[in-house]
Amino acid sequence: MSDKQTSYWQANLRLILILLVIWFVVPFLGGIVFVEYFNQFYLGGYKLGFWIAQQGSIYLFVVLIFAYAHLMNKLDKRYSDQAADGESD
Amino acid sequence: MDLQTLTYIVVGLTFATYIGIAFWARAGSTKEFYVAGGGVNPVANGMATAADWMSAASFISMAGLIGFSYHGYGGSVFLLGWTGGYVLLAMCLAPYLRAYGKFTVPEFIGDRYYSNTARVVAVLCLLVASITYVIGQMKGIGVAFSRFLELPYEQGLTAGMVVVLIYAVMGGMKGITYTQIAQYVVLITAYTIPAIFISITLTGNPVPQLGLGSTLLADGTHLLQKLDQVVTDLGFQEYTSGPRLSTLNMFFYTMSLMIGTAGLPHVIIRFFTVPSVRDARISAGWALLFIAILYTTAPAVAGMARLNLMTTLEPVPGKYLNYDERPQWFKNWETTGLLKFEDKNDDGKIQYSADKETNEMVKIDNDILVLANPEIAKLPNWVIALVAAGGLAAALSTAAGLLLAISSAISHDLLKGVFMPRISERAELNAGRLAMTFTVLLAGYLGFNPPDFAAGTVALAFGLAASSLFPALMLGIFYKRMNTAGAVAGMLTGISLTLFYVFQHKGIMFIPETAFLGDMPPNWFFGIEPNAIGAAAALFNFAVAIVVCRFTAEPPEKVQQLVDNIRAPAAS
Chain A
4 MSDKQTSYWQ ANLRLILILL VIWFVVPFLG GIVFVEYFNQ FYLGGYKLGF
54 WIAQQGSIYL FVVLIFAYAH LMNKLDKRYS DQAADGESD
Chain B
2 MDLQTLTYIV VGLTFATYIG IAFWARAGST KEFYVAGGGV NPVANGMATA
52 ADWMSAASFI SMAGLIGFSY HGYGGSVFLL GWTGGYVLLA MCLAPYLRAY
102 GKFTVPEFIG DRYYSNTARV VAVLCLLVAS ITYVIGQMKG IGVAFSRFLE
152 LPYEQGLTAG MVVVLIYAVM GGMKGITYTQ IAQYVVLITA YTIPAIFISI
202 TLTGNPVPQL GLGSTLLADG THLLQKLDQV VTDLGFQEYT SGPRLSTLNM
252 FFYTMSLMIG TAGLPHVIIR FFTVPSVRDA RISAGWALLF IAILYTTAPA
302 VAGMARLNLM TTLEPVPGKY LNYDERPQWF KNWETTGLLK FEDKNDDGKI
352 QYSADKETNE MVKIDNDILV LANPEIAKLP NWVIALVAAG GLAAALSTAA
402 GLLLAISSAI SHDLLKGVFM PRISERAELN AGRLAMTFTV LLAGYLGFNP
452 PDFAAGTVAL AFGLAASSLF PALMLGIFYK RMNTAGAVAG MLTGISLTLF
502 YVFQHKGIMF IPETAFLGDM PPNWFFGIEP NAIGAAAALF NFAVAIVVCR
552 FTAEPPEKVQ QLVDNIRAPA AS
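Chain order of the listed sequences is A and B. The number in this note's numbering is simply the position in the first sequence, starting from 1, with 3 added. The number in this note's numbering is simply the position in the second sequence, starting from 1, with 1 added.
Please keep in mind that the hints were generated in silico from the structure rather than gathered at the bench. Glycine included, each C-beta is placed from N, C-alpha and C at the ideal position. Any given hint could be a false lead.
[Said to hold, decoys possible] Partial list, derived from the structure: chain B residues whose beta carbon lies under 7 Å from chain A:
#1 Val88
#2 Met92
#3 Ser215
#4 Phe252
#5 Arg279
#6 Tyr296
[What the hints assert, rightly or not] Taking lysine-lysine pairs in the DSS-like style, the calculated list, with each CA pair at most 30 Å apart, reads:
#7 B:Lys357 x B:Lys320
#8 B:Lys320 x B:Lys350
#9 B:Lys320 x B:Lys379
#10 B:Lys345 x B:Lys364
#11 B:Lys332 x B:Lys350
#12 B:Lys379 x B:Lys364
#13 A:Lys80 x B:Lys341
#14 A:Lys7 x A:Lys80
#15 B:Lys379 x B:Lys350
#16 A:Lys80 x B:Lys32
#17 B:Lys559 x A:Lys80
#18 B:Lys559 x B:Lys32
#19 B:Lys341 x B:Lys357
#20 A:Lys7 x A:Lys77
#21 A:Lys80 x B:Lys103
#22 A:Lys77 x B:Lys481
#23 B:Lys364 x B:Lys350
#24 B:Lys345 x B:Lys357
#25 B:Lys332 x B:Lys357
#26 B:Lys332 x B:Lys320
#27 B:Lys320 x A:Lys7
#28 B:Lys481 x B:Lys559
#29 A:Lys7 x B:Lys481
#30 B:Lys103 x B:Lys32
#31 B:Lys559 x A:Lys7
#32 B:Lys481 x B:Lys32
#33 A:Lys77 x B:Lys103
[Unchecked claim] Residues from chain A that keep clear of chain B, each with C-beta distances beyond 10 Å, as calculated:
#34 Asp6
#35 Phe44
#36 Leu67
Just chain A, same shape as in the assembly (with noise of 0.2 Å):
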């Protein structure tokens, strides 16, 4: 593999982590895990870790696929570009 190929796969691998510990964080930790400490606080009439278990998690899920695809395509586009730089060297 290229160091390239091997510097773009590291990037990826860095926003896999990122977004992913926010996929976890948010439901899994707001939603269930410390839910309790979360419910003493109200967001209009929910309170706040129930809405994070039936409907904030949900939301942001649709927002880190959007962020994940928006920043891969910027990835692509500077490693293609990149490349072709490298061929019309």
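Got chain A; can you put chain B on it based on the hints?
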């Protein structure tokens, strides 16, 4: 026009649309049959995936499961579990499997682990998970017909089979994709309209997601606060808190559903139909967005319909409804057996409570929440007809996706891949159609004679996918050193552990008498229930695979090159 006629017209129109689409989208090649030619627009694929994914269980049963059986907050396992898997799919599986560019999941496993054994084991895992899943859909079709059109279950099931047979056999993945798009439109409209109306009636807010967090028009208290109070007064668990069994169990349950979602082949293959890797990523986002519309509405339907039902039965605390004054919808659903009242103290009033001794609502089926919702909210007949069409669309679209996953595993992986590698494309396409016909008949047969284990099937399908295919796919992409021995050992470990734990609790093939070790306490593995065991078994799968792999030869250069290729930047 009476409801019956109207329902026939609405359901008839949707079926005619599906068949019309099937004629228009006939498959001419194996590529069209397996992956719709690989040219599906990512937004369209997102919509098709959403319909593929949301089954009769999501549409008819989920809100009731949340509202009744899982006491509100406990139902979060379904909401989180059946959506969160898409994040894993979008980041960890779909783009790389799309980059590989083949037709089926076992095909990737066979090539990545350079072994027909691995491929056949993957086919077996796929067949077990998908067939158990499809039985539930066939039952859903029969039940939806019999409840809405008052047709006998068998006739309803036959009608559903004929429609699926026509469009799945003719169009393969191509026909299925375009019918699923139409089915999504039908099912999401049918789900949201009653939800919007019930939200307006109770809270004045037309957005159910906001309505659930609003105050009631009736007395100005917050809806959820009122609900908590009403249910606890009757001795039930508080609606907005209290885990399902235990926090640890909820954690594992949610995780099992998530990784099961990501590992289910009929979902993964939907991402083989888009033109590029970038499209596969964004398409997963669209899919989840379309799914989220229903999944964020469902908890609102659950809470509001539950409150509506409770206040109908007990309008003022301590003052119960007279049985003779029960509303029309109550009578309608009594005749179907979904609601059952037993006047234990002979006072002619309906006492509903958590105490089994005095509770007089001896049966409230979970499905009643969605099915009776339009009638409880006093909506016009055409909405009820639309809900019927929506329930059928949900069951048909999921059944079709599963049938394609099963038949392509038979014709492409077993026949072309292992037994007759030199078969021509024409012959493989015919074999695919034959396998599809056979699969529809098999699923129909199982729908007519549901085996004892049908009730537990969906949970088992998720557990199996989570514990067998998901780890093998993840390791294949992210761990270059993973080899045949490790992957096969891991898959077999995961699938056996899941089967062992489920069968130990519920009997072999769910025949209760055969629950070996029957004297062990329920949920003996750290209090985790059988439905939630998939995530734990997946951990064992990962561990075994990595240990075995460490002691065996590393994969050949060619395979390591394959892994590099699927990880490469996508062409823009």
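Verification of the supplied hints:
no. : hint                : verdict
1   : Val88               : holds, 5 Å
2   : Met92               : holds, 5 Å
3   : Ser215              : holds, 6 Å
4   : Phe252              : holds, 5 Å
5   : Arg279              : holds, 6 Å
6   : Tyr296              : holds, 6 Å
7   : B:Lys357 x B:Lys320 : holds, 19 Å
8   : B:Lys320 x B:Lys350 : holds, 9 Å
9   : B:Lys320 x B:Lys379 : holds, 23 Å
10  : B:Lys345 x B:Lys364 : holds, 14 Å
11  : B:Lys332 x B:Lys350 : holds, 15 Å
12  : B:Lys379 x B:Lys364 : holds, 23 Å
13  : A:Lys80 x B:Lys341  : violated, 62 Å
14  : A:Lys7 x A:Lys80    : holds, 13 Å
15  : B:Lys379 x B:Lys350 : holds, 23 Å
16  : A:Lys80 x B:Lys32   : holds, 29 Å
17  : B:Lys559 x A:Lys80  : holds, 27 Å
18  : B:Lys559 x B:Lys32  : holds, 25 Å
19  : B:Lys341 x B:Lys357 : holds, 14 Å
20  : A:Lys7 x A:Lys77    : holds, 15 Å
21  : A:Lys80 x B:Lys103  : holds, 24 Å
22  : A:Lys77 x B:Lys481  : holds, 25 Å
23  : B:Lys364 x B:Lys350 : holds, 16 Å
24  : B:Lys345 x B:Lys357 : holds, 11 Å
25  : B:Lys332 x B:Lys357 : holds, 23 Å
26  : B:Lys332 x B:Lys320 : holds, 20 Å
27  : B:Lys320 x A:Lys7   : violated, 74 Å
28  : B:Lys481 x B:Lys559 : holds, 11 Å
29  : A:Lys7 x B:Lys481   : holds, 18 Å
30  : B:Lys103 x B:Lys32  : holds, 9 Å
31  : B:Lys559 x A:Lys7   : holds, 20 Å
32  : B:Lys481 x B:Lys32  : holds, 29 Å
33  : A:Lys77 x B:Lys103  : holds, 26 Å
34  : Asp6                : holds, 13 Å
35  : Phe44               : holds, 13 Å
36  : Leu67               : violated, 5 Å
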